[in-house]
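Trainee: Just so you know, the protein sequences line up as chains A and B, in that order.
Under my numbering, the letters of the first sequence match residues 1 to 348, in that order.
Under my numbering, the letters of the second sequence match residues 1 to 288, in that order.
Nothing false has been slipped in among the hints.
Distance ranges between label pairs, derived from CB positions:
{"hint": "1", "chain 1": "B", "residue 1": "A52", "chain 2": "A", "residue 2": "P156", "range": "51 to 57 Å"}
{"hint": "2", "chain 1": "B", "residue 1": "G154", "chain 2": "A", "residue 2": "N193", "range": "54 to 60 Å"}
{"hint": "3", "chain 1": "B", "residue 1": "L82", "chain 2": "A", "residue 2": "A114", "range": "40 to 46 Å"}
No wet-lab data here; the hints were simulated from the structure.
All of these numbers come straight from a predicted model, not from anything done at the bench.
From the three backbone atoms N, C-alpha and C, an ideal C-beta is built for every residue, glycine too.
Spelled out, the chains give:
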Amino acid sequence: MSGSRLRALGCAVALLVLAALPACGVTIPGLFEGPLDAPGTLNLLALCFVFGTLALSYDLVFGYTGLLSFGQALYFATGAYVTAIALAHWNLDLPRALGITAAIALVLPLVVGAICLRTKDIPFAMVTLAFAEAGSIFVLQNPWGLTGGEEGLTLPSAALPAALVGVTNTRNLYWLALGLLAVAFVVAWWAVNSPPGRVWQAIRENERRVSVLGINPYLYKLGAFVSSAFLASSAGVVYLLIQGGANPEITSASFTLVLLVMVVLGGVGTLWGAVLGGIAYEYLDVRLLGLSSAPALANLPPFLHVPLSQPLFVLGLLFIVLVLFFPGGFAGAAQSLRARAGSAAGVR
Amino acid sequence: MLLAITGLGLGALYFLVACGLSLIWGLMRVLNFAHGAFFTVSAYCGWLAANALGAPGSWTAWLAAVAASIAAGGAFATFAELALVRPLYRRPVGQVLVTVGLALATIALVQGSFGSDPRDFAVPAWMGKTTAIAGAAIPNTRFVTIAAAVIALGLLVFFLRRTRYGLIVRAGVENRAMVSALGIDVGRAFTLVFAIGGMAAGLGGVLAATYYGSIDPGRGSAMLISAFVVVVLGGLGSVAGSAVAAVLVGLVQQFLNFYAAAGVGDFAVVILLAVVLLVRPRGLFGVS
Numbered sequence: 001m002s003g004s005r006l007r008a009l010g011c012a013v014a015l016l017v018l019a020a021l022p023a024c025g026v027t028i029p030g031l032f033e034g035p036l037d038a039p040g041t042l043n044l045l046a047l048c049f050v051f052g053t054l055a056l057s058y059d060l061v062f063g064y065t066g067l068l069s070f071g072q073a074l075y076f077a078t079g080a081y082v083t084a085i086a087l088a089h090w091n092l093d094l095p096r097a098l099g100i101t102a103a104i105a106l107v108l109p110l111v112v113g114a115i116c117l118r119t120k121d122i123p124f125a126m127v128t129l130a131f132a133e134a135g136s137i138f139v140l141q142n143p144w145g146l147t148g149g150e151e152g153l154t155l156p157s158a159a160l161p162a163a164l165v166g167v168t169n170t171r172n173l174y175w176l177a178l179g180l181l182a183v184a185f186v187v188a189w190w191a192v193n194s195p196p197g198r199v200w201q202a203i204r205e206n207e208r209r210v211s212v213l214g215i216n217p218y219l220y221k222l223g224a225f226v227s228s229a230f231l232a233s234s235a236g237v238v239y240l241l242i243q244g245g246a247n248p249e250i251t252s253a254s255f256t257l258v259l260l261v262m263v264v265l266g267g268v269g270t271l272w273g274a275v276l277g278g279i280a281y282e283y284l285d286v287r288l289l290g291l292s293s294a295p296a297l298a299n300l301p302p303f304l305h306v307p308l309s310q311p312l313f314v315l316g317l318l319f320i321v322l323v324l325f326f327p328g329g330f331a332g333a334a335q336s337l338r339a340r341a342g343s344a345a346g347v348r
Numbered sequence: 001m002l003l004a005i006t007g008l009g010l011g012a013l014y015f016l017v018a019c020g021l022s023l024i025w026g027l028m029r030v031l032n033f034a035h036g037a038f039f040t041v042s043a044y045c046g047w048l049a050a051n052a053l054g055a056p057g058s059w060t061a062w063l064a065a066v067a068a069s070i071a072a073g074g075a076f077a078t079f080a081e082l083a084l085v086r087p088l089y090r091r092p093v094g095q096v097l098v099t100v101g102l103a104l105a106t107i108a109l110v111q112g113s114f115g116s117d118p119r120d121f122a123v124p125a126w127m128g129k130t131t132a133i134a135g136a137a138i139p140n141t142r143f144v145t146i147a148a149a150v151i152a153l154g155l156l157v158f159f160l161r162r163t164r165y166g167l168i169v170r171a172g173v174e175n176r177a178m179v180s181a182l183g184i185d186v187g188r189a190f191t192l193v194f195a196i197g198g199m200a201a202g203l204g205g206v207l208a209a210t211y212y213g214s215i216d217p218g219r220g221s222a223m224l225i226s227a228f229v230v231v232v233l234g235g236l237g238s239v240a241g242s243a244v245a246a247v248l249v250g251l252v253q254q255f256l257n258f259y260a261a262a263g264v265g266d267f268a269v270v271i272l273l274a275v276v277l278l279v280r281p282r283g284l285f286g287v288s
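Pulled out of the complex, with its shape left as it was, chain A reads as follows (with noise of 0.2 Å):
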């Protein structure tokens, strides 16, 4: 059997594990408040998922295309707020909200990709920062009472599937979720190792040799752009459905900066590790707010006590620590650890 057949068996044994969990009533102490098949595991565990999509898609044009975008926060963003007003304000059933929102999120970054991507570089990501920007403004100032301001918009029960609702339906929740990591790892995989996939990391390595040999990089970015935003905005859409509602955290700069951190976390340009980067993150975000609370913390002097209380601060210094020490993340620490295991049987 070839290495690559190999590793599909892998990812396939792992996601039927994944997809079996909410079955089992195990406690895993430490790692989980409560056993795996609780509500809280799975919303967790869900929303896991859902960030490494959004990593993953980051990836794809951060990673493989070398297009540093700090505007990925819009797409996801549009993926649920546009959803939720939908539901909310014009009371369509889910299917059309979907079909809205699926138009939607592709016309938008299609427009302000054509636009952001005639500059390159520094001024690209500002451009990008920009129209994210501008978008978070629109959500914070609410216009006709749409986005809801800085309430959020809580989504309306009684316009979704039963099978969504509730506590006991977390699982449904959970295998969407899973299911939406699933395919979008599928499809960008598909997508990087094909013919455009791999004009895409030539662009990333030397563009000016890409247009040299007679391709026109513009469309190809643009191609890498627009996948990467629909990916994220169907992430948003999960996203919205496992949270009830949308909130404009979403839309801010810093949550683009977050997301930079989960990939960069995870390993730029290898979509396992972006997908790790993304779980890893979350689940870290969630625990350690968790764990701040916890009385064995509470004991500390305050020195100790309030900076590990703040997840921000515990994750933000992980990150600093990863890329003076180890810059290729996750993936990158695999790697080499590989490696040297590698050269040490060699040697050997």
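Let chain A serve as the given structure and place chain B on it in line with the hints.
Mentor: Quick look at chain B alone, frame taken from chain A:
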């Protein structure tokens, strides 16, 4: 009139944050995301100093706050350059990422230590009053902010034009490889530029506290985004460009937020940035 002066005051704040960013980018090609953290940390240091020295609201307390903020901004920026940016000179993306990490961690630490709610920042009684100009009552804090920014701009121009290190910095912005080929230690100029940028951000931090009458952990990040807009609009690496763009952004925001609707001004600035970048990717005053 009130709008014009308020816009100028806001522009002054933007300039103080943006000039450091612009210099750092121009010389080192580092996009410094930690600049907002410098701003926030110095504002809190100034607040602590004001509370420790002198009665709140007295001039001594305020001056102590200004001095402490500038010192804290400079010290923090120097530390960041030496400890975090320096080891990554060969990895430009790594430098950007490390400043992102520093920004996240620092803001979280400030939030954890002082809470996320705004804290009142007492200013001397004179600054709480208003002065009438052309029939409009204008808060005196606006004048303080503008005056301080003008002084900072003057000092910065003096440093760049008239001193030896200023010469090295200007030459480095033009052509870094040539300067190091001539046997000049550019690394020291890097640290210096970070320190100056940090001090300017520190001054911005305490002035923003004066301007708004309060400090809160999130303001640095909000300022940073506006400063990015200013820097890119003015042209990366150009101090004069930052000054002009800062005033422009401040005025546009104030006037449109008042005459159109709240939020329209912020929106227009973003659109302005996009338009300028598309027509003139280097910014208004950009050279290279």
